[in-house]
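Student: Chain B: place on chain A using the hints.
Protein chains: 2
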Amino acid sequence: MPELRKDPIIGRWVIISTERAKRPDDFKKIPVSDHPDQGSCPFCAGREEMTPPEIYAIRNPDTEPNKSGWKVRVVPSVSPFLGLEGGYDSWGVGIYDVLNGFGAHEVVIETPEHIGNMTDLDTEQILNVLKAYRERIIDLEKDERMKYVLVYKNYGKQAGGSKIYHARSNIIGTPVVPKRVKEELEGARVYYSYHDRCVFCDILRQEKEQEVRLVYENENVISLCPFASRFPFETWILPKRHNCDFHTSSDEELTDVARALKIILSKLKKGLKDPHYNYMLHIAPFKRRHPGYWTTIYNDYHWHIEVIPRLTRIAGFEWGSGFYICPTPPEDAAKFLRELEI
Amino acid sequence: MPELRKDPIIGRWVIISTERAKRPDDFKKIPVSDHPDQGSCPFCAGREEMTPPEIYAIRNPDTEPNKSGWKVRVVPSVSPFLGLEGGYDSWGVGIYDVLNGFGAHEVVIETPEHIGNMTDLDTEQILNVLKAYRERIIDLEKDERMKYVLVYKNYGKQAGGSKIYHARSNIIGTPVVPKRVKEELEGARVYYSYHDRCVFCDILRQEKEQEVRLVYENENVISLCPFASRFPFETWILPKRHNCDFHTSSDEELTDVARALKIILSKLKKGLKDPHYNYMLHIAPFKRRHPGYWTTIYNDYHWHIEVIPRLTRIAGFEWGSGFYICPTPPEDAAKFLRELEI
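Protein chains in written order, with our numbering: chain A, 8 to 349; chain B, 8 to 349.
One chain only, chain A, in its complex shape (with noise of 0.2 angstroms):
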């Protein structure tokens, strides 16, 4: 029999096939691109003008905004979702509800060279873009009329990937706070008020002293496959102290969740074969002291990384109901990825 399995922190249901569960070699393999194109890559070294004017970048001594000479840049998106013009300006028309889209859209090149997958960059170098997405999301903050930071990668087609194979983040700036942070923050405000104890801070235990979906662990950091994982080989990161805001991560903490990432999707891509995937950095939406309001406190809530290797479909049932099929059992998940060798 298959296994219906509640997420703890939002209350969703999955299924998780036990009996025909598909292995790493059962899903289908799409190669992540086609087209290289290093010749006119955009964000390599040496075409900074053909991007926008960067934001921010960790560079070498002495070079030069907008040259040569950086580790990582981070340029306003040519193509944002949403613009910097304008306020947080909300109005109905008749019974519905409008915000005028303001919001910041940026993207991080991680790598100078030609680089596509970020398991591909040394442990330094990642640490450089979560350094990145560090003083992004300090910077963000100074905008009073940001509710929140949402940091992603997609990378290969399957996950939302354009053709420009070269590595890079995005992180968008929101006047909302999103549904799916709200779900989070609401379900692990239920679990704090009834057990006075943190939801993730709780799975971290659980998962250590059972250790079946446990995938690796370091000083700072646990990843491990979510009990009611929504994909096959759903896997997360996040850190054992219990914070719920990743902008206050020392550099030891971000080292150690470098470290993770490494080793996560390097097992990813020698295990899975190059799967496309995303990634998301969930955090505590900004603490804003609004007027007549107390400043929320986001201190129920616990930031994490969640890697999603994109391997299966959503169809028809996922849309219509919310609740996901997961063929593969995390507990099969986890020990595949963790025994792998690289």
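A few chain B residues facing chain A, derived, Cβ under 7 angstroms: (1) LEU11; (2) LYS13; (3) GLY101; (4) LEU106; (5) GLY108; (6) LEU157; (7) PHE324.
Below, in silico cross-link-like pairs of lysine-lysine (DSS-like), each with a Cα-Cα straight-line distance of 27 angstroms or less: (8) LYS35/B to LYS170/A; (9) LYS35/A to LYS170/B; (10) LYS29/A to LYS276/A; (11) LYS35/B to LYS164/A; (12) LYS149/A to LYS78/A.
The hints are simulated quantities; they were obtained by calculation from the structure and are not laboratory data.
These numbers were taken from a predicted model, which means no experiment stands behind them.
The beta carbon of each residue, even a glycine, is placed where N, CA and C say it ideally should be.
Tutor: Relative to the frame of chain A, chain B by itself:
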């Protein structure tokens, strides 16, 4: 500037691109099937022995079950997500919750002929399919273990459809109310408790007045592109009569739903060049009398069908945030579909 629009039912924000809005021809075309494979199709008339025995069929008079002479057949899925064994059995694994994967998974074979797209059936045959849905929901309601029935269709690979071309839809009975439906129920309840009106009825009223998002209307049914469309050319079909239960629809109402489906699917086929699509039927959960509880009545809810052409890919931003980017304003989509001659 793009607009952020709020779904009035579940409160999800959607980014609607208004500037570089995508036109119907801007979407990449992927052929629906390379394998029309009529020769070995297990769903064609005359090959009834290739499926499990039928649960329900609409048949010509004097024809035998599991022989030719049917118009619509419903059979158990050969690869069900959920199985019929066991009952409602729930247990804890530390902090986690598990439920026996009990449920029903049935396949509705929509035509004895080897036709792939429902829109190529005539209206009378589409009505037969809707009647089969109605009968199966009525029958599944009798099983006290079922809490919900979801009916949906996957047409084409991008919509999660299989390689077998023959038109069919799926019926899933579940022991829990799916998250997505729960959100709609809660949203509808909150709206009703404030306004003393159904949110869906209010949508119908406003859309009839404004006309800009209307696609088609007949005596019993309205079809529109929702104000906060998640997907380009997303189109809903709603009954004018306030009713939470599809399975209490009259033959006259179902006839008008069949007419609307035929027209909407034909317009999508012609205007978007045979796109892959899903549709989902959203109904209220079964009204069960649980020991110690009052029966929950869902008379603030309103059943409807959501038709979603699969033209865009879902990327990390959508997964991470739960808010969607729709590159075609629903007003443009509705105008295009409304004016398209078929």
